[in-house]
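Protein chains in written order, with the working numbering: chain Z, 1 to 130; chain G, 131 to 288.
Hints are computed from structural coordinates only; laboratory data are not their basis.
Misleading hints may appear alongside valid ones.
Claimed, not checked - DSS-like, lysine-lysine: derived pairs with alpha carbons at most 27 Å apart: (1) Lys-140(G) with Lys-95(Z); (2) Lys-96(Z) with Lys-78(Z); (3) Lys-20(Z) with Lys-114(Z); (4) Lys-185(G) with Lys-95(Z).
Unchecked claim - Derived Cβ-Cβ restraints for the label pairs, each shown as a range: (5) Glu-30(Z) with Lys-167(G): 25 to 33 Å; (6) Gln-98(Z) with Gly-243(G): 12 to 20 Å; (7) Glu-30(Z) with Met-255(G): 32 to 40 Å; (8) Met-1(Z) with Met-255(G): 35 to 43 Å; (9) Thr-92(Z) with Gln-156(G): 22 to 30 Å; (10) Lys-257(G) with Asp-74(Z): 40 to 48 Å; (11) Leu-24(Z) with Phe-161(G): 18 to 26 Å; (12) Pro-252(G) with Arg-46(Z): 32 to 40 Å; (13) Met-1(Z) with Ile-173(G): 46 to 54 Å; (14) Ser-251(G) with Leu-24(Z): 27 to 35 Å.
Note that CB positions come from ideal geometry on N, CA and C, so glycine has one too.
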Amino acid sequence: MSLNILIVDDSSIARSVITKTIKLSGVPCENFLYAENGREGLDVLRKNCVDVALLDINMPVMTGIEMADEMLSDEHLKSIPVIIISTEGSTTVMKKLQEKGVKGFIRKPFTPEKFCHIFNEVLGTENEKI
Amino acid sequence: MKCWERKMKKYDITVLSKTFCRILEQTAFMFAEEADKNRCSLIDNSFFCSTISFKGPSEGNITLCVPEGISSEIAANILGIETGQEISGQMLEDTVKELTNILCGQFITDVEGTVPVFKFSPPVMKKLQRENWRALLNSANSTSVKIDEIPLILNLEM
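Using the sequences provided together with the hints, build the complete structure.
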């Protein structure tokens, strides 16, 4: 299975580096979709078939936490796994998000190995690698 | 020792420079070292200056000031592209903002641990010219690190 991956981050360089790192990780990806904030991210989710959403927390217009909240309360979107990619280092915040239904966390700066591990944990992609 | 004195001691600016050097190595595979700010020379005309505010058990601002010239090298390294390949001005600004973002998140956990909850503002970017660069460097709240011989300024206001 190749994945359609949505990356929501307000930083163009962060979006590029996340894409590059996922490609290096060996995670099977079909297509990357992008949004600059949570509001745009929800629009992309409603118009496309997405397998996993990677969200930054600190964004203008709508934060990643607000976007995750909307996704988790939406019948059509709540089954899409959410992984938070952020500089956030507070275990208190991570625990709260996990209780809400967020599936994984990757802290910046990251490595391809971290992506490989989290994707495998959340989506079971290990056996799908090329 | 008074409470604010303990807090200021914990928020040591040398921790900030060490955190920055570590992040630069991890993200851009570039090496920086702490520099004597009194021996830093002005080597550029324009600088990207990005600031993030943090608010939690303590509050303050962290600023990273990068000469425009070296910012393209940092961006190229982070993106894994050839140095000299054209990178847009927006991408250069985003590079400095993203580095400040990572610096702020890592620095707070370096000094406060992982339990406290902090809120971070989005990075605010401004361009600095030569005359303002020296004033920022001379601030008691600033320190400098060098990449090769090029000085970057880190500032921590509490």
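Requested in this report: Compare the structure with the hints numbered earlier in the document and write down the numbers of the violated ones, lowest to highest.
Outcome: 5, 12
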